[in-house]
Structures are given as C-alpha cells and as structure tokens.
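Trainee: Kindly generate the complete structure, drawing on both the sequences and the hints.
Here the protein sequences come in this chain order: A and B. According to our numbering, numbering within the first sequence proceeds without interruption in unit steps and concludes at 257. According to our numbering, numbering within the second sequence proceeds without interruption in unit steps and concludes at 257.
Keep in mind that the hints are not guaranteed to be accurate.
Partner residues are not named here, just some residues of chain A that face chain B (Cβ under 8 Å, in silico) [claimed, not checked]: (1) Gly99; (2) Arg144; (3) Ala170; (4) Met181; (5) Ala195; (6) Gly246; (7) Ser252.
Cut-off 25 Å, straight-line C-alpha distance, at most; resulting in silico cross-link-like pairs (SDA-like, lysine to any residue) [claimed, not checked]: (8) B:Lys81 / B:Asn57; (9) B:Lys189 / B:Asp248; (10) B:Lys100 / B:Arg74; (11) A:Lys173 / B:Glu237; (12) A:Lys173 / B:Glu215; (13) A:Lys245 / B:Val102; (14) A:Lys36 / A:Gly63; (15) A:Lys14 / A:Arg0; (16) B:Lys36 / B:Thr62; (17) A:Lys173 / B:Glu151; (18) B:Lys189 / A:Leu251; (19) B:Lys245 / A:Gly104; (20) A:Lys256 / B:Met181; (21) A:Lys173 / B:Leu251; (22) B:Lys173 / A:Ala185; (23) A:Lys189 / B:Gly143; (24) B:Lys189 / A:Val145; (25) B:Lys173 / A:Thr146; (26) B:Lys114 / B:Gly186; (27) A:Lys129 / B:Met181; (28) A:Lys81 / A:Trp53; (29) B:Lys173 / A:Arg193; (30) B:Lys245 / A:Gln178; (31) B:Lys100 / A:Arg179; (32) A:Lys1 / A:Glu23; (33) A:Lys100 / B:Gln241; (34) B:Lys256 / A:Arg193.
Just so you know, the hints here were simulated from the structure itself, not pulled from any lab data. Using N, Cα and C, we set each Cβ at its ideal position, and we do this for glycine too.
Given next are the chains, with one letter for each unit.
There are 2 protein chains.
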Amino acid sequence: MTVGVVGLGLIGGSVVKSARKYTDSIIFGADLDKNTLEKAINEGTLDGALTCGNMKDCDIVMVAIPPFATKSWIEANAEHLTGTTLVDLCGVKRFICDAAKPLAEKYGFCFVGGHPMAGKEVSGYENASAELFKNASMILTPEGVSDEKVAWLREFFLSLGFGRVTISTPEEHDAIISYTSQLAHIASNAYIKSPSAQRQMGFSAGSYKDLTRVAKLDARLWTELFACNRDYVTEELRVLIANLNEYLQALESGDDELLQQLLQKGRDLKLSADGKQ
Amino acid sequence: MTVGVVGLGLIGGSVVKSARKYTDSIIFGADLDKNTLEKAINEGTLDGALTCGNMKDCDIVMVAIPPFATKSWIEANAEHLTGTTLVDLCGVKRFICDAAKPLAEKYGFCFVGGHPMAGKEVSGYENASAELFKNASMILTPEGVSDEKVAWLREFFLSLGFGRVTISTPEEHDAIISYTSQLAHIASNAYIKSPSAQRQMGFSAGSYKDLTRVAKLDARLWTELFACNRDYVTEELRVLIANLNEYLQALESGDDELLQQLLQKGRDLKLSADGKQ
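Mentor: Shown next, in the form of structure tokens:
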C-alpha cells in the first residue's frame, strides 16, 4: 500500500510516524518547510517526497493542513488525484466537503472527509508521535462512498492505532465538534484572561490546569476553524454564556438553594454524558 | 509526634494515609461514619479515635470537613484544644479564620488556616491516597503566628509529600482561589449543560474531557464554598462572562481579525501565567 500525506505538522507527522511504525506502507510526504521534509526522509519515516507525479500511485492521500489551505490544495491538485482516495484531516467538514466533492466528481477520485480526535497543546513535526492516535476516534464523513471503500478506510485508520472509527455527516460533525472541541478552546482562552491567572502560582491544582490547558492555541488556525463553523460555534457559545449567567444570578441574589440545584443538574448531566461513552 | 484528623474523606483520609506512610506519628482520627473510622483503625492507618480526651495530646489537629461543619466543630471543641495547634483544611479561609481566631485566643490554642491544593473528582476515604499531596502546594494563612511555629508547620506538611508551602493571607487566598478552583468548577459545570454533551461519544478528545472533568462536583459542598466566598467568585464569574461575550460579538459580527486578536491575547496570557509557575 502507498500512502501520501500533505502537511507534516502534529497531525500529518503523526500519521506518517504511525504508518511507518505500524504498517508496511510506502509513504510519501509533502511540507512547505523543506527542513521538515528532509528530516522525515532522512530519518526513514518517509520513502520520498509526495509530488504531482506520484500522487496517482497512492492508494490514499491525506491532507493535514488548515482549512483554507486544504481547500486551495485540493483545487490546485485535483487533476493529479484521478483514481486515488483523498481524505482531509481538518477540524471542520462542511467547508471542506462542499469544496472537494464537485472536484472529486469532475476528476474521478474518491473524497472522504476525516477528523482525527486527537491533539496536543503543542504543534509541529517534532511533537508528532506514532502513538498520538492510540485509542482515539477517527471521524469519517463518507457520503456517497461505497461500503467497501468505507470498510477499507476503517481498517487503514485502525492500523494507525485509532481505537474506533466514527461514521458521521459533515453537518453532524460540525454541530458536535463546535461543542466538544471549538467551544472548549474559546472557554479556555477566555478563562485565562482574568488578572488572577497571573497570580496563580502556589494556588492552583488540577482544575485550573485543566481549564487553561488549551488556551495556548494557534490563533490563526483556530480563527479559520471558527470562521468555517461560525453558525454552530456561535450558538454553542451563546448557550454557555446563558448557562453561566444562571449561576451568576443565583450568586448575586444569594439564592443558594437555586445555586445548589444548578450545580446538581450539571453533575447529573456529566454522569449522563459519561454513561454514554 | 501526635496528629489528630477530623473527617476521613478524600482530604482527611489522604492526610492520615500519608502521615502513616511517611512519618512515624501517632495518629488519631474522627469521622461521622463509624464504618470508615473502624476501617481506618483496623487497617492500621489510625492508632485510635480522636476524642475530647486525647485532643490536647495532639501536637496538631487538622479539620478536613466542609466550611459550615468546620466552624461548628471548632466552636464545639475549642475548650478541648488548649495548648495544641489547629489547622483547618477548608477551601475558603476568611469565613473559617474569622470564626476560629477569637476562639483560639480565648481558649489558648494556635490556629492556622490551611488549604491543600490537591483533589480529585471523586470523594471519600476509599479514594484517599498517601500520594495525593505529592508535589502539591500547601497553603497556610498563619497571621499572628510565630516564625518558629510556621517553620514547624512547613516541615510537617512537606513530610506528608507536599512539594511546597505557600504562605498567604485569608484575603489573598480567597481572592485567588475564587479563580483557580471555584470558577473552574462553575465553568465546567456550566459547560456540560449544552445538549451537545449528550452526543459527544466518538467526537471528543482531550479538550472536552479537560473542560468537563470537575463538572461532577459535590453540589452541597461547593454551594457552601461559593457562599463563603460570594464576593470574589461572583466577580470572577462576571469577568469570565464579559470575556466570553467579546468572542461572541466577534463571531456574530464576522470580525475575524478581532477574533484572532482575542485568541492571540489569550495565548500570550497563558504563556505568561505558565512562565510564573
């Protein structure tokens, strides 16, 4: 099997490292940073550079770069993809799928949206790991794709270490991810803005660390992700602010019975959500 | 050295377990649940029950129960504490210190407010661990207490596994803790209330897990903690909501340049706060 990966950052780098470690694929890669590409080739993670010439030889090509760049890359390279299967690894799916599907039809390649549910608060090839996907969920949005192809993709991603493959639609993906990932990044990034954050030394334990871990985000990348999912993430943020205002009103009015009810309801919903794991 | 602990839950249980493992103290304990007390004695963690009779024999008595109960306990037992050192382990300090200090003066014991910066999202003696305090910060508010006594307390808490002792005042403690701990619990408890939380299976990774970990809180305990720190926690919650509203307005108006600036500022503040570790 021959695998191509565009973008050797945290995600793309982890794809090629896990493919090298856990499969016997031939692996081609591309990156704007020539040093990264050379390093990946020299250390034996890649068999060579992914080029317009060898793209068609790939059984699967994965694009692991930000949304706007992914759209541009697919538009620029669609003519070289005929016959292969293209999976993007972006954090938004409607924006990418809407752009890619007409091109897949026109140029005769198979396109499937993808989103690995794995990450770190650091980026780049040097932080990529063959173990990043261990037990994680790989989301696929294979609309209009044959069951055989989906089964083949499932087997491929499980071979990289993923614990499960979750089949979804671009619409469902964007709705749920706006909450589980995007809202979390906004909440964490807002949380750190209290002046008290700069006085936390010696006064913090796990809850502060957890709430602020992903505050250290790539502002440009996440602005793109939010822009491509504006409707859902805006609605989730409205819901969070409305819920927070309920606690605020209980605190301001001194209604501790209401405050306890609000906290108990949150506890119950957390237990319910955990039960659905 | 003789140690007394009131309340054998997660915190008090971890105090007696770490004191047993890492010191050669004589350890007495008290708990409203007779089964827990018997278990701690039978397994050898305690040398016996803490009673009105043996309290004065203790070099240090620690109270590890909720704020209202702590206040009541100190009021009821002050007369038995003459000559010893009392440290409470509550998550709020002004409320406890205001109540305890006059009694300490009246009955001739030394009172120091304390707050171990360690916890779990589970409770009870069965979840207590001799390793809970490993590398954690122990906050003390030793106003009006001699340097020798503070040095002695520092040594004692370091012997339980704490990585550092942070000296503070009740006022400073309550101000910072309203952010690092209390606001985190409200934010997490509110975060889980989106209907999307019940659809997260297969669509979540680290950021969702981190944001919702402490949503599973003890509603009654945390209502007490918030009530005893209402001014500070209310102000922190106002600040968080105001910051979240800035992102919301940027999203709603489609001002992605502003959105990116907001995200970059959060990232910078996180790096700054981390640099102060």
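Trainee: Confirm or reject each hint.
Mentor: Hint check results:
Satisfaction of the interface hint for Gly99 of chain A is found here, the shortest Cβ-Cβ separation to chain B being roughly 6 Å, below the 8 Å cut-off. For Arg144 of chain A, the interface hint holds, since its Cβ comes within 8 Å of a Cβ in chain B; the closest pair sits about 7 Å apart. At about 4 Å, the closest approach between the beta carbon of Ala170 of chain A and any beta carbon in chain B falls short of 8 Å, and the interface hint on this residue holds. Interface hint status for Met181 of chain A: upheld, as the beta-carbon distance to the closest one in chain B is roughly 5 Å, under 8 Å.
For Ala195 of chain A, the interface hint holds, the least distance from its beta-carbon to any beta-carbon of chain B being 4 Å, beneath 8 Å. Of the supplied interface hints, the one on Gly246 of chain A holds, with its beta-carbon coming within about 3 Å of a beta-carbon of chain B, less than 8 Å. Below 8 Å, beta-carbon pairs count as interface contacts, and Ser252 of chain A has one with chain B at about 6 Å; its hint therefore holds. The hinted pair formed by Lys81 of chain B and Asn57 of chain B meets the criterion: a straight-line CA distance of about 14 Å does not exceed 25 Å.
Of the pairs offered as hints, the one joining Lys189 of chain B and Asp248 of chain B holds, with about 23 Å between alpha carbons and a cut-off of 25 Å not exceeded. Of the pairs offered as hints, the one joining Lys100 of chain B and Arg74 of chain B holds, with about 24 Å between alpha carbons and a cut-off of 25 Å not exceeded. Taking the CA atoms of Lys173 of chain A and Glu237 of chain B, the gap is near 19 Å; set against the 25 Å cutoff, the hint holds. A hinted pair counts as satisfied when its Cα atoms are at most 25 Å apart, and Lys173 of chain A with Glu215 of chain B qualifies at roughly 13 Å.
Proposed proximity of Lys245 of chain A and Val102 of chain B is supported: the alpha carbons are some 17 Å apart, at most 25 Å. Taking the CA atoms of Lys36 of chain A and Gly63 of chain A, the gap is near 7 Å; set against the 25 Å cutoff, the hint holds. At most 25 Å may separate the alpha-carbon atoms for a hinted pair to count; Lys14 of chain A and Arg0 of chain A meet this at roughly 20 Å. Among the hinted pairs, Lys36 of chain B with Thr62 of chain B is consistent with the structure: their alpha-carbon atoms are about 6 Å apart, no more than 25 Å.
Between Lys173 of chain A and Glu151 of chain B the alpha-carbon distance is near 21 Å, which keeps this suggested pair within the 25 Å criterion. Straight-line distance between C-alpha atoms of Lys189 of chain B and Leu251 of chain A comes to about 13 Å, which keeps the hinted pair within the 25 Å bound. Of the pairs offered as hints, the one joining Lys245 of chain B and Gly104 of chain A holds, with about 21 Å between alpha carbons and a cut-off of 25 Å not exceeded. Distance check on the hinted pair: Lys256 of chain A and Met181 of chain B sit about 7 Å apart at the alpha-carbon level, within 25 Å; holds.
The straight-line distance between the Cα atoms of Lys173 of chain A and Leu251 of chain B is roughly 11 Å, inside the 25 Å bound, and the hint therefore holds. Taking the CA atoms of Lys173 of chain B and Ala185 of chain A, the gap is near 24 Å; set against the 25 Å cutoff, the hint holds. Restraint check: the Cα-Cα separation between Lys189 of chain A and Gly143 of chain B comes to about 17 Å, which is no more than 25 Å; the hinted pair holds. A distance of roughly 19 Å separates the Cα atoms of Lys189 of chain B and Val145 of chain A; the hinted pair therefore holds under the 25 Å criterion.
Between Lys173 of chain B and Thr146 of chain A the alpha-carbon distance is near 23 Å, which keeps this suggested pair within the 25 Å criterion. Taking the CA atoms of Lys114 of chain B and Gly186 of chain B, the gap is near 24 Å; set against the 25 Å cutoff, the hint holds. Taking the CA atoms of Lys129 of chain A and Met181 of chain B, the gap is about 24 Å. The hint holds against a cut of 25 Å. Of the pairs offered as hints, the one joining Lys81 of chain A and Trp53 of chain A holds, with about 14 Å between alpha carbons and a cut-off of 25 Å not exceeded.
With a CA separation close to 21 Å, the supplied pair Lys173 of chain B and Arg193 of chain A stays within the 25 Å bound. Simply put, Lys245 of chain B and Gln178 of chain A have alpha-carbon atoms about 14 Å apart, close enough for the 25 Å limit, and the pair holds. A C-alpha spacing of about 23 Å is found between Lys100 of chain B and Arg179 of chain A, which places the hinted pair at or below 25 Å, so the restraint holds. For the hint linking Lys1 of chain A to Glu23 of chain A, the alpha-carbon distance of about 13 Å falls within 25 Å, and the restraint holds.
A threshold of 25 Å between alpha carbons decides the hint, and for Lys100 of chain A with Gln241 of chain B the separation of about 22 Å falls inside it, so the pair holds. Restraint check for Lys256 of chain B and Arg193 of chain A: satisfied, since their Cα atoms lie roughly 15 Å apart, inside the 25 Å limit.
Going through the hint list in order, the structure satisfies each hint without exception.
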